[in-house]
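Protein chains in written order, with numbering that gives the first Met the number 0: chain V, 0 to 542; chain C, 0 to 542.
Think of the hints as simulated: they come from the structure by calculation, not from any bench. This structure is a prediction, so every number in the text was calculated from the model and none was measured. Keep in mind that a hint or two might mislead.
Copies of the same chain are indistinguishable here, so a pair counts whether it falls within one copy or spans any two.
[Unchecked claim] The list that follows gives simulated cross-link-like pairs (lysine-lysine, DSS-like), each with its CA atoms no further than 27 Å apart:
id : residue 1 : residue 2
1  : Lys364    : Lys285
2  : Lys56     : Lys255
3  : Lys118    : Lys248
4  : Lys248    : Lys56
5  : Lys364    : Lys471
6  : Lys367    : Lys450
7  : Lys217    : Lys194
8  : Lys255    : Lys119
9  : Lys56     : Lys254
10 : Lys450    : Lys365
11 : Lys364    : Lys415
12 : Lys248    : Lys194
13 : Lys299    : Lys194
14 : Lys248    : Lys55
15 : Lys254    : Lys119
16 : Lys197    : Lys118
17 : Lys54     : Lys217
18 : Lys254    : Lys292
19 : Lys194    : Lys132
Chain by chain, the residues run as shown.
Protein chains: 2
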Amino acid sequence: MASGAWSLVRGAAEAVRRTPRWRKRLAFFVVGAGTLTYACQDSQVLQTCDGTGNKKKVVILGTGWAGASFLRNIDTSLYDVHVVSPRNYFTFTPLLPSVTCGTVEARSIVEPIRNIVRKKSGAFRFWEAECFKIDPKNKKVHCRSDVGTNINGSGEFVVDYDYLIVSVGARPNTFNTPGVTENCHFLKEVEDAQKIRKSVMKCFERAALPNLSEEERKKNLQFVIIGGGPTGVEFAAELHDFVNEDLAKLYPDVKKYVNISVIEAGGHILTMFDKRITQFAEEKFKRDGIDLKTNFKVVKVSDKDITMTNPATGEVTVPYGMAVWSTGIGTRPIIMDFMKQVGQEDVAAIFRVADKDNSGTLTVKKIKDVLGDIYERYPQVELYLKSNQMKGFHDLLKDSDGNSKELKELDIEQFKKALAQVDSQVKMLPATAQVAAQEGSYLADCFNRMKTCEEYPEGPIRIRGQGRHRFKPFRYRHLGQFAPLGGEQTAYQLPGDWVHVGHSTQWLWYSVYASKQFSWRTRMLVVSDWGRRFIFGRDSSSL
Amino acid sequence: MASGAWSLVRGAAEAVRRTPRWRKRLAFFVVGAGTLTYACQDSQVLQTCDGTGNKKKVVILGTGWAGASFLRNIDTSLYDVHVVSPRNYFTFTPLLPSVTCGTVEARSIVEPIRNIVRKKSGAFRFWEAECFKIDPKNKKVHCRSDVGTNINGSGEFVVDYDYLIVSVGARPNTFNTPGVTENCHFLKEVEDAQKIRKSVMKCFERAALPNLSEEERKKNLQFVIIGGGPTGVEFAAELHDFVNEDLAKLYPDVKKYVNISVIEAGGHILTMFDKRITQFAEEKFKRDGIDLKTNFKVVKVSDKDITMTNPATGEVTVPYGMAVWSTGIGTRPIIMDFMKQVGQEDVAAIFRVADKDNSGTLTVKKIKDVLGDIYERYPQVELYLKSNQMKGFHDLLKDSDGNSKELKELDIEQFKKALAQVDSQVKMLPATAQVAAQEGSYLADCFNRMKTCEEYPEGPIRIRGQGRHRFKPFRYRHLGQFAPLGGEQTAYQLPGDWVHVGHSTQWLWYSVYASKQFSWRTRMLVVSDWGRRFIFGRDSSSL
Numbered sequence: 000m001a002s003g004a005w006s007l008v009r010g011a012a013e014a015v016r017r018t019p020r021w022r023k024r025l026a027f028f029v030v031g032a033g034t035l036t037y038a039c040q041d042s043q044v045l046q047t048c049d050g051t052g053n054k055k056k057v058v059i060l061g062t063g064w065a066g067a068s069f070l071r072n073i074d075t076s077l078y079d080v081h082v083v084s085p086r087n088y089f090t091f092t093p094l095l096p097s098v099t100c101g102t103v104e105a106r107s108i109v110e111p112i113r114n115i116v117r118k119k120s121g122a123f124r125f126w127e128a129e130c131f132k133i134d135p136k137n138k139k140v141h142c143r144s145d146v147g148t149n150i151n152g153s154g155e156f157v158v159d160y161d162y163l164i165v166s167v168g169a170r171p172n173t174f175n176t177p178g179v180t181e182n183c184h185f186l187k188e189v190e191d192a193q194k195i196r197k198s199v200m201k202c203f204e205r206a207a208l209p210n211l212s213e214e215e216r217k218k219n220l221q222f223v224i225i226g227g228g229p230t231g232v233e234f235a236a237e238l239h240d241f242v243n244e245d246l247a248k249l250y251p252d253v254k255k256y257v258n259i260s261v262i263e264a265g266g267h268i269l270t271m272f273d274k275r276i277t278q279f280a281e282e283k284f285k286r287d288g289i290d291l292k293t294n295f296k297v298v299k300v301s302d303k304d305i306t307m308t309n310p311a312t313g314e315v316t317v318p319y320g321m322a323v324w325s326t327g328i329g330t331r332p333i334i335m336d337f338m339k340q341v342g343q344e345d346v347a348a349i350f351r352v353a354d355k356d357n358s359g360t361l362t363v364k365k366i367k368d369v370l371g372d373i374y375e376r377y378p379q380v381e382l383y384l385k386s387n388q389m390k391g392f393h394d395l396l397k398d399s400d401g402n403s404k405e406l407k408e409l410d411i412e413q414f415k416k417a418l419a420q421v422d423s424q425v426k427m428l429p430a431t432a433q434v435a436a437q438e439g440s441y442l443a444d445c446f447n448r449m450k451t452c453e454e455y456p457e458g459p460i461r462i463r464g465q466g467r468h469r470f471k472p473f474r475y476r477h478l479g480q481f482a483p484l485g486g487e488q489t490a491y492q493l494p495g496d497w498v499h500v501g502h503s504t505q506w507l508w509y510s511v512y513a514s515k516q517f518s519w520r521t522r523m524l525v526v527s528d529w530g531r532r533f534i535f536g537r538d539s540s541s542l
Numbered sequence: 000m001a002s003g004a005w006s007l008v009r010g011a012a013e014a015v016r017r018t019p020r021w022r023k024r025l026a027f028f029v030v031g032a033g034t035l036t037y038a039c040q041d042s043q044v045l046q047t048c049d050g051t052g053n054k055k056k057v058v059i060l061g062t063g064w065a066g067a068s069f070l071r072n073i074d075t076s077l078y079d080v081h082v083v084s085p086r087n088y089f090t091f092t093p094l095l096p097s098v099t100c101g102t103v104e105a106r107s108i109v110e111p112i113r114n115i116v117r118k119k120s121g122a123f124r125f126w127e128a129e130c131f132k133i134d135p136k137n138k139k140v141h142c143r144s145d146v147g148t149n150i151n152g153s154g155e156f157v158v159d160y161d162y163l164i165v166s167v168g169a170r171p172n173t174f175n176t177p178g179v180t181e182n183c184h185f186l187k188e189v190e191d192a193q194k195i196r197k198s199v200m201k202c203f204e205r206a207a208l209p210n211l212s213e214e215e216r217k218k219n220l221q222f223v224i225i226g227g228g229p230t231g232v233e234f235a236a237e238l239h240d241f242v243n244e245d246l247a248k249l250y251p252d253v254k255k256y257v258n259i260s261v262i263e264a265g266g267h268i269l270t271m272f273d274k275r276i277t278q279f280a281e282e283k284f285k286r287d288g289i290d291l292k293t294n295f296k297v298v299k300v301s302d303k304d305i306t307m308t309n310p311a312t313g314e315v316t317v318p319y320g321m322a323v324w325s326t327g328i329g330t331r332p333i334i335m336d337f338m339k340q341v342g343q344e345d346v347a348a349i350f351r352v353a354d355k356d357n358s359g360t361l362t363v364k365k366i367k368d369v370l371g372d373i374y375e376r377y378p379q380v381e382l383y384l385k386s387n388q389m390k391g392f393h394d395l396l397k398d399s400d401g402n403s404k405e406l407k408e409l410d411i412e413q414f415k416k417a418l419a420q421v422d423s424q425v426k427m428l429p430a431t432a433q434v435a436a437q438e439g440s441y442l443a444d445c446f447n448r449m450k451t452c453e454e455y456p457e458g459p460i461r462i463r464g465q466g467r468h469r470f471k472p473f474r475y476r477h478l479g480q481f482a483p484l485g486g487e488q489t490a491y492q493l494p495g496d497w498v499h500v501g502h503s504t505q506w507l508w509y510s511v512y513a514s515k516q517f518s519w520r521t522r523m524l525v526v527s528d529w530g531r532r533f534i535f536g537r538d539s540s541s542l
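Pulled out of the complex, with its shape left as it was, chain V reads as follows:
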């Protein structure tokens, strides 16, 4: 969703900075759950950096997949690396749904950031604080520490940087639905997973209290998951397993009142997967007794019930014991502010470059001259054209007007429209751990090879200016995606429409997730957690 827009902004910012009156500088940033964008490059700064031995200061905001992956791959002997994040650890987020039910423990999936860089040479600093303002003009970030009772002052401080890596991640998207923030759990951070785990146990303990009506017991054990994406579905499956494999034995009297339901605004769950997987998941959930409410849109959440609408039934209100909101993620306010600051004139700048004779309009020929570079720089344009069976950019123009007659020329408004359409409809890189990790290591690799690539640029030719870009643009290599469905069954979709579902895939899932751990320590912990669960079951302490 946001990725494409940012790709444009990326180019725009670069264009703006390339005008002679601007001070040149380099700033890299990684945005969202992992959309990597780099804004502008400055060879002057680099020469200082490379020539004198005065190491440049790289500031990383955030310790998620992109930030941690960058940190692990950056050569700290070349840069002074400083990290600012509200959390002093990296979280292996794909296992968060497992933490909600105690299949693995919270601490087994986190790795302290200081551990990641401890054995590296070079200066490294970590500050546990949240960045609340980026000032790219003065190359400063303003941060605020999580102030306790025992620190004087406001806990605010300013960090200056030479290069800034923005990898603060996204936040849950509530679509401004009233009551969601107050009453729903999210599943984005380790703390969220811990809270959900505690909350599940509290629901069971409440339902088991004496002197409750049957209705009240049912209400307490009504678990509602809003959003049928991979996170919501995996959590529903985990919860179902937890209830049936462990809690049913411990709470035999209230077992019959448990109800797990998944509310999805679309017609199906797991829509980003192959239809075969969606179908398998829906059938499995049906067999398991997980209540699938598709085509229901949640419009309000109170402390007692959830209101949703459906074209057929109209508004429906159901009571609930616990609700988990997992409808996707949105951009953090700090990033939106930042984008405003650096990305005001994006499309205009591209237009200016393509319009070499300053005629105020682009002809098909003018566009064709820079099309190869546009494609390489903004792969979504090419992908979009291909997926819509268009032959070139001029097809897009035709289409953008909804007019069968092909346009010969287009002005800046039409050009904006054409690009906006690509961005609104093209399939963006998903905001997944896989994407973010690849982006982080790509960017670290760029930093590490900066000197070499300065001399021998390997990227596409520059749209503005001379020569080539130093680096090849980032290309995402999709390695497939898992969707655990509970009952030791997992769906796996490989690139190229390979689909596999079943118990064997679950074992593949175990081995891939174990191997992808950030350290041997967490690998050992996660594997021993799985072992413990096989032998003793999950822990039901309301801790």
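We have chain V already, so just place chain C on it with the hints.
Chain C in isolation, oriented as in the chain V frame:
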């Protein structure tokens, strides 16, 4: 402190109930961290219970050492067992100091209560709620559940019982020192240990922030432990190890600012141990750089500093980053209320029984007639006399008046005075896990053998009434006590003045604590936590 008083109450309550006009009944209760008291016994109820197969309802308040130990040993085929506790798990409290620094994980030392009884036959109920009122007259307990947002009403309910086991545990004793509850950590529950762990990491992260003065860094890393008992000393030792073995590598810049100090009102730490252990501990702490402030009494804790007094220096105020209060435990308000209800006429009743001719005074002879039974029932009387080199109860009378002339007779006020003196000065059973666990299993054993012992009583003769008590009174078997001092060294004091300190004792500590775990699950978890710590060190995530 409270144990002796309760022993009197125990007898008192029994006496009160023994008068013919009272309906007979049986109520057992375990109070405090483990003082076992049983109130009155009713053979009628027992006959109903044993003869008809209508199982009696045993309600247990609390899931600490005494409650869990009782629960593990009670034969649930003989009784309906119901447990009310605010926590649905048992905590292996001796490992709490290890949890504060991540040497073991919080979940490794807890066992869900439902797991303990799952494989037993018979009815079992657990309610996660806190008992706020005991009504012994109507045999009811009033409970309040930890109400969340999703339960209707106040969450209050009433449970009736045939037998009540009160094992609610104690609470930290602040001696009403201002600011302690608001600003200090305690170390009584698992949640406390988790909070301390998080707080330690927060202190380090705060001290590592940029733009702080040296003074502020020092303040944040000033760890203060108030109370030089086993808990405080073990926590200080754990923290010292954590800082030196793990955090020093991760926070090299602020390592030098760390200061750990133990504030003790008395002249020495670990005063309940042999002097050799005290001395060894004090010397080790000195070598380790742990600041021992003996003869300092804390009078106030604000959010920034701690005020204490010392006869030599007067009032001193020191800033701190984190403070842990571990000066001992006190009685919960619910128990004090309960004692008032059942123990109003305790001494009076004993007096009445001994004063067979209703003369209003006891002669030495009258006392001597029941002295054997008093000794067996209230062992503290005998112990007190022995430790004060008195020959008999009449010596106590003499002493109680502060009069060298021996009293021939004494009235009820003098008798009360004499017993109160015993209770105020005698050494009580310590409020330790060991005592509580033995009391719990003793009591469960009594319940299990109730039928047999009804026919063949094995206890001392009854002070009032005929025949013998059914059960031998509880006798505590002290198996020694550990005091871990950090650096893989532990002190161990066996009964009979055997003392051992060193690395080998640490291994003894490991094996004893592993073997004492409540389940194979927690045993495996604790041992694997120790292994993980040896290999990878402790986790420093501020989670």
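Outcome of the hint check:
1. Lys364 - Lys285: neither (56 Å within a copy, 83 Å between copies)
2. Lys56 - Lys255: For Lys56 and Lys255, only the inter-copy Cα distance (26 Å) is at most 27 Å; the intra-copy one is 59 Å.
3. Lys118 - Lys248: between (47 Å within a copy, 10 Å between copies)
4. Lys248 - Lys56: This pair counts as between: shortest inter-copy Cα distance 22 Å, intra-copy 56 Å.
5. Lys364 - Lys471: For Lys364 and Lys471, the Cα distance is within 27 Å only inside one copy (26 Å; across copies 105 Å).
6. Lys367 - Lys450: neither (32 Å within a copy, 99 Å between copies)
7. Lys217 - Lys194: For Lys217 and Lys194, only the intra-copy Cα distance (21 Å) is at most 27 Å; the inter-copy one is 33 Å.
8. Lys255 - Lys119: Between copies only: 22 Å across, 55 Å inside.
9. Lys56 - Lys254: between (57 Å within a copy, 24 Å between copies)
10. Lys450 - Lys365: neither (34 Å within a copy, 102 Å between copies)
11. Lys364 - Lys415: within (18 Å within a copy, 111 Å between copies)
12. Lys248 - Lys194: within (23 Å within a copy, 31 Å between copies)
13. Lys299 - Lys194: within (22 Å within a copy, 34 Å between copies)
14. Lys248 - Lys55: between (59 Å within a copy, 24 Å between copies)
15. Lys254 - Lys119: between (52 Å within a copy, 19 Å between copies)
16. Lys197 - Lys118: between (36 Å within a copy, 24 Å between copies)
17. Lys54 - Lys217: For Lys54 and Lys217, neither the intra-copy (62 Å) nor the inter-copy (30 Å) Cα distance is at most 27 Å.
18. Lys254 - Lys292: Within. Shortest intra-copy distance 22 Å satisfies the 27 Å Cα cut-off; inter-copy 55 Å does not.
19. Lys194 - Lys132: neither (29 Å within a copy, 30 Å between copies)
Consistency with the previously given hints fails for numbers 1, 6, 10, 17 and 19, ordered from lowest to highest.
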